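Put together the whole structure using the sequences plus the hints.
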Amino acid sequence: MASITNPDNRRPVAKPPNKLFRNLSAKVAALPMIATALVIFVGCSAWSIFYSFTSSKSLPREKFVGIDQYVRLFKTSRWQESMENILIYGVCSLVFSLIVGFLLAVFLDQKIRFENTFRTIFLYPFALSFIVTGLVWQWILNQNFGIQKVIQDLGFTSFELDLLSNKDMAIYAIVIAGLWQGTGLVMALMLAGLRSIDQEIWKASRVDGIPAWRTYLFIVIPMMRPVFVTTLVLIAAGIVKVYDLVVALTDGGPGIASEVPAKYVYDYMFANNNLGQGLAASTVMLTTVLIILIPWGLMEFGEKKAKKQVIDG
Amino acid sequence: MKFKTSLITSVLSLGLFGASASATATDLEVTHWWTSGGEAAAVKVFADAFNAGGDNWVDGAIAGSGGTARPIIISRIIGGEPMGATQLNHGRQAEELVEAGLMLDLTELAEKEGWTDIVRPSKLLESCTLDGKIYCVPVNIHSWQWMWTSLKAFETAGIEAPTNWGEFVAAAPKLREAGIIPLAVGGQAWQTSGMFGVMVIGIGGMDLWRSVYVEKNMDVINGEDMKKIWQAYDDARNLTDPKNSIQNWNDATNQVISGQAGAQIMGDWAQGEFSVAGQTAGVEYDCLPGLGNRAVLDTAGDAFYFPKNDDPEVTEAQLRMASMMLSKEVQVGFNLKKGSLPVRADVDLEAANACMKKGLEILANPENILPSGDQILNRDTQGQLEDLSSEFFADKSVTIEDAQARFSEILELAE
Numbered sequence: 167m168a169s170i171t172n173p174d175n176r177r178p179v180a181k182p183p184n185k186l187f188r189n190l191s192a193k194v195a196a197l198p199m200i201a202t203a204l205v206i207f208v209g210c211s212a213w214s215i216f217y218s219f220t221s222s223k224s225l226p227r228e229k230f231v232g233i234d235q236y237v238r239l240f241k242t243s244r245w246q247e248s249m250e251n252i253l254i255y256g257v258c259s260l261v262f263s264l265i266v267g268f269l270l271a272v273f274l275d276q277k278i279r280f281e282n283t284f285r286t287i288f289l290y291p292f293a294l295s296f297i298v299t300g301l302v303w304q305w306i307l308n309q310n311f312g313i314q315k316v317i318q319d320l321g322f323t324s325f326e327l328d329l330l331s332n333k334d335m336a337i338y339a340i341v342i343a344g345l346w347q348g349t350g351l352v353m354a355l356m357l358a359g360l361r362s363i364d365q366e367i368w369k370a371s372r373v374d375g376i377p378a379w380r381t382y383l384f385i386v387i388p389m390m391r392p393v394f395v396t397t398l399v400l401i402a403a404g405i406v407k408v409y410d411l412v413v414a415l416t417d418g419g420p421g422i423a424s425e426v427p428a429k430y431v432y433d434y435m436f437a438n439n440n441l442g443q444g445l446a447a448s449t450v451m452l453t454t455v456l457i458i459l460i461p462w463g464l465m466e467f468g469e470k471k472a473k474k475q476v477i478d479g
Numbered sequence: 195m196k197f198k199t200s201l202i203t204s205v206l207s208l209g210l211f212g213a214s215a216s217a218t219a220t221d222l223e224v225t226h227w228w229t230s231g232g233e234a235a236a237v238k239v240f241a242d243a244f245n246a247g248g249d250n251w252v253d254g255a256i257a258g259s260g261g262t263a264r265p266i267i268i269s270r271i272i273g274g275e276p277m278g279a280t281q282l283n284h285g286r287q288a289e290e291l292v293e294a295g296l297m298l299d300l301t302e303l304a305e306k307e308g309w310t311d312i313v314r315p316s317k318l319l320e321s322c323t324l325d326g327k328i329y330c331v332p333v334n335i336h337s338w339q340w341m342w343t344s345l346k347a348f349e350t351a352g353i354e355a356p357t358n359w360g361e362f363v364a365a366a367p368k369l370r371e372a373g374i375i376p377l378a379v380g381g382q383a384w385q386t387s388g389m390f391g392v393m394v395i396g397i398g399g400m401d402l403w404r405s406v407y408v409e410k411n412m413d414v415i416n417g418e419d420m421k422k423i424w425q426a427y428d429d430a431r432n433l434t435d436p437k438n439s440i441q442n443w444n445d446a447t448n449q450v451i452s453g454q455a456g457a458q459i460m461g462d463w464a465q466g467e468f469s470v471a472g473q474t475a476g477v478e479y480d481c482l483p484g485l486g487n488r489a490v491l492d493t494a495g496d497a498f499y500f501p502k503n504d505d506p507e508v509t510e511a512q513l514r515m516a517s518m519m520l521s522k523e524v525q526v527g528f529n530l531k532k533g534s535l536p537v538r539a540d541v542d543l544e545a546a547n548a549c550m551k552k553g554l555e556i557l558a559n560p561e562n563i564l565p566s567g568d569q570i571l572n573r574d575t576q577g578q579l580e581d582l583s584s585e586f587f588a589d590k591s592v593t594i595e596d597a598q599a600r601f602s603e604i605l606e607l608a609e
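Protein chains in written order, with my numbering: chain A, 167 to 479; chain B, 195 to 609.
Hints are computed from structural coordinates only; laboratory data are not their basis.
Fair warning: this is a prediction, and the values are worked out from it, not measured in the lab.
Just so you know, not all the hints are guaranteed correct.
So, partial list: chain B residues that the calculated Cβ filter (under 7 Å) puts toward chain A [claimed, not checked]:
1. P265
2. A546
3. R573
4. D574
5. E585
6. A588
Derived DSSO-like pairs (lysine-lysine); straight-line CA-CA distance at most 27 Å [to be verified]:
7. K552(B) to K315(A)
8. K522(B) to K552(B)
9. K333(A) to K590(B)
10. K437(B) to K317(B)
11. K327(B) to K346(B)
12. K421(B) to K333(A)
13. K502(B) to K238(B)
14. K241(A) to K421(B)
15. K241(A) to K407(A)
16. K333(A) to K407(A)
17. K241(A) to K502(B)
18. K522(B) to K327(B)
19. K437(B) to K346(B)
20. K238(B) to K421(B)
21. K229(A) to K410(B)
22. K241(A) to K333(A)
23. K333(A) to K437(B)
24. K552(B) to K306(B)
25. K327(B) to K368(B)
26. K522(B) to K317(B)
27. K346(B) to K552(B)
28. K422(B) to K241(A)
29. K410(B) to K422(B)
30. K502(B) to K327(B)
31. K410(B) to K421(B)
32. K327(B) to K437(B)
33. K317(B) to K241(A)
If you want the ones that stay clear, here's a sample from chain A, every Cβ over 12 Å from chain B, calculated [as the list claims (entries may be wrong)]:
34. S191
35. L197
36. I254
37. F280
38. L330
39. L383
40. P392
Ideal Cβ placement from N, Cα and C applies to all residues, glycine included.
Have a look at this one:
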């Protein structure tokens, strides 16, 4: 690179080394992974998109029907409900797991006693699978022997907690269970981020008399940007693929009130033997993710590249 | 050290024993979704009979409804890891698997044992047949068109037990006053959608049913008669427990058994639960075929398919199992436990209870027999109807008109 950008061209060798062969051994080592990524991610996505334009039933067949599958998909009220639900679930779990996770991490970072114990307690739900989480919350929220029963037995007979049988609230039951399961991980990541902040910064801010909350908000959080990005990616991936939690907790019910897109895809592909419809739904999911991901990726990584070039130049 | 050697020898001898045993007996894994009390008892009849023949029944019960089990079963067969035998509802569910050549052809055995002569109604074997070849063994006749009433519940409410749907709807307010849920239903979609099918036949009658599901006559589907069905369905959703948290059908049946609920619309497999609970038809509970209005039953049922296998020994064991399932004693034993009717007429059903006898009487007249939903609609259409009915049932803001319009859209697209 230097030989091209440097106008003096002080290097005696005329030919610049071929870019392709730089770090050759590293590139060779990465080949299997690159191949896997291409075949599995790109290849299979292309296959899915291709067959979403066919009328495939339980086996893939090349009988093209244009965009019929998509027309039917967007007319289906279950799909509309699913998209609405994933939006609610996504926004709630993103916002709350970040806020609650960060606050818990801050709380643990106060050099409190029994920090290990608390950390374990908060992180423990993450060790459970979504299926177990769903079952546990199904029991907790069950109206005949869950929280409602306990509180009614305490004497508050009019108390009612009908998250699971109320069609407007069922999706929030899933949000709650998801948060209970996932917030511990966010907390652990945030705590690691907080610990990586140089203590000198805290000393400096104390000398300047800046209150702790302002230090967190304006100094520490901006410094933790990489941690936030990692966390965001993890949470977002969890949101898109939420399926098992719904199956275990509500099975999409009551009615279709807590259906999610991944469940629609699964049900139509496997239970209802309509591959074309399932693939159309999964293609819409992929497109939605890409619409969010590409601008963000360009902003996040495109910017860095530009900055790096400025520094290099 | 000594312990170690003895352990090794015992493991070796076990291995040898296993090898010698497999020469005569073959393990066959059988997948099915029969997990409620009555169902499990019925499966045991099969397993015992198969083991008595010297083979080994490896039970592969899949918990949950057919909706959970079917995808697991189908993906195992497609994925090249077939089980020895599997339950599926006959009809169109396995059609594509058969077309793809993944199922064992049973024609030879069927001809030898004369299945076409003994299986009744013959339609059952027809749904197992593709291009003149037989691919499955029908094992029972189940029909959906039953309403089960708890006599105790009506006694508690101080009213006569209803003999048809209209009387039941009229009696419902009294049940509510007595703190009894009029209609028990589980949350799974197939239950509400099955209930709808029962109402079309029970309230609308055979002609309406035929023009809706078989002929798919759009004028009828959008017409007044069909609207009446949706109104009755609307009544039904208002008769259920608004705080219902029950998912499984057998839990709903249990509400009827214990008298917490007045009635349930459910297929005759519910009968297995009543008999496990030790109740007698006509004493503690009663049954109303065709909602008490019309003596009509469909003849759906379960069938066993045998996925193709490379091992000739397994194939032989599969044929042995197929033959066992249709044998007289097994048919009687199995169906008495399951609450269903046997697929052959030449068996002795002295032990059958009052409800089963009602059923047999109805089936004796071929005009009373309907093809089942599994046989006329494919899974895709059924799935859409299930989504619609479960949404309608849970969400009271979906009006009768909306639902009817969407129902007609789904049937218009149906193949």
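Results for each hint:
1. P265: Cβ of P265(B) sits 3 Å from chain A, so the hint holds.
2. A546: Not OK, violated: A546(B) not within 7 Å of chain A, min 34 Å.
3. R573: With a closest approach of 4 Å, the R573(B) hint holds.
4. D574: Check passed: Cβ of D574(B) comes within 4 Å of chain A, closer than 7 Å.
5. E585: This hint holds: E585(B) lies near chain A, its Cβ roughly 4 Å from the closest one there, short of 7 Å.
6. A588: Holds, because the Cβ-Cβ distance from A588(B) to chain A comes to roughly 3 Å (cut-off 7 Å).
7. K552(B) to K315(A): Violated: K552(B) and K315(A) sit about 43 Å apart, past 27 Å.
8. K522(B) to K552(B): holds, 21 Å
9. K333(A) to K590(B): holds, 10 Å
10. K437(B) to K317(B): violated, 41 Å
11. K327(B) to K346(B): Status violated; Cα separation ~50 Å.
12. K421(B) to K333(A): Given that 27 Å is the threshold and the Cα spacing comes to 25 Å, the pair holds.
13. K502(B) to K238(B): With Cα atoms ~24 Å apart, K502(B) and K238(B) stay inside 27 Å; holds.
14. K241(A) to K421(B): holds, 22 Å
15. K241(A) to K407(A): The hint holds at about 23 Å.
16. K333(A) to K407(A): With a Cα-Cα distance of about 22 Å, the restraint between K333(A) and K407(A) holds, given a limit of 27 Å.
17. K241(A) to K502(B): violated, 40 Å
18. K522(B) to K327(B): Satisfied, since the Cα-Cα distance of roughly 23 Å is no more than 27 Å.
19. K437(B) to K346(B): holds, 22 Å
20. K238(B) to K421(B): violated, 44 Å
21. K229(A) to K410(B): Holds - the C-alpha atoms of K410(B) and K229(A) are around 24 Å apart, at most 27 Å.
22. K241(A) to K333(A): Holds: K241(A) and K333(A) sit about 21 Å apart, inside 27 Å.
23. K333(A) to K437(B): At roughly 11 Å apart (the allowed maximum being 27 Å), K437(B) and K333(A) satisfy the hint.
24. K552(B) to K306(B): Given pair K552(B), K306(B) is violated - Cα atoms ~33 Å apart, limit 27 Å.
25. K327(B) to K368(B): violated, 55 Å
26. K522(B) to K317(B): holds, 19 Å
27. K346(B) to K552(B): It holds: about 21 Å lies between the C-alpha atoms, which stays within 27 Å.
28. K422(B) to K241(A): With a Cα-Cα distance of about 26 Å, the restraint between K422(B) and K241(A) holds, given a limit of 27 Å.
29. K410(B) to K422(B): holds, 17 Å
30. K502(B) to K327(B): Holds, because 14 Å separates the two Cα atoms, which is no more than 27 Å.
31. K410(B) to K421(B): holds, 15 Å
32. K327(B) to K437(B): With a Cα-Cα distance of about 49 Å, the restraint between K327(B) and K437(B) is violated, given a limit of 27 Å.
33. K317(B) to K241(A): violated, 36 Å
34. S191: Answer for S191(A): holds, closest chain B Cβ roughly 38 Å.
35. L197: It holds; L197(A) is separated from chain B by about 29 Å at its closest Cβ, greater than 12 Å.
36. I254: Given a closest Cβ separation of 16 Å, the condition holds.
37. F280: holds, 38 Å
38. L330: Not fine: 6 Å to the nearest Cβ puts L330(A) too close to chain B.
39. L383: Its Cβ never comes within 12 Å of chain B, the nearest being 43 Å, so this holds.
40. P392: Consistent with the label, P392(A) stays out of reach of chain B, its closest Cβ about 40 Å off (over 12 Å).
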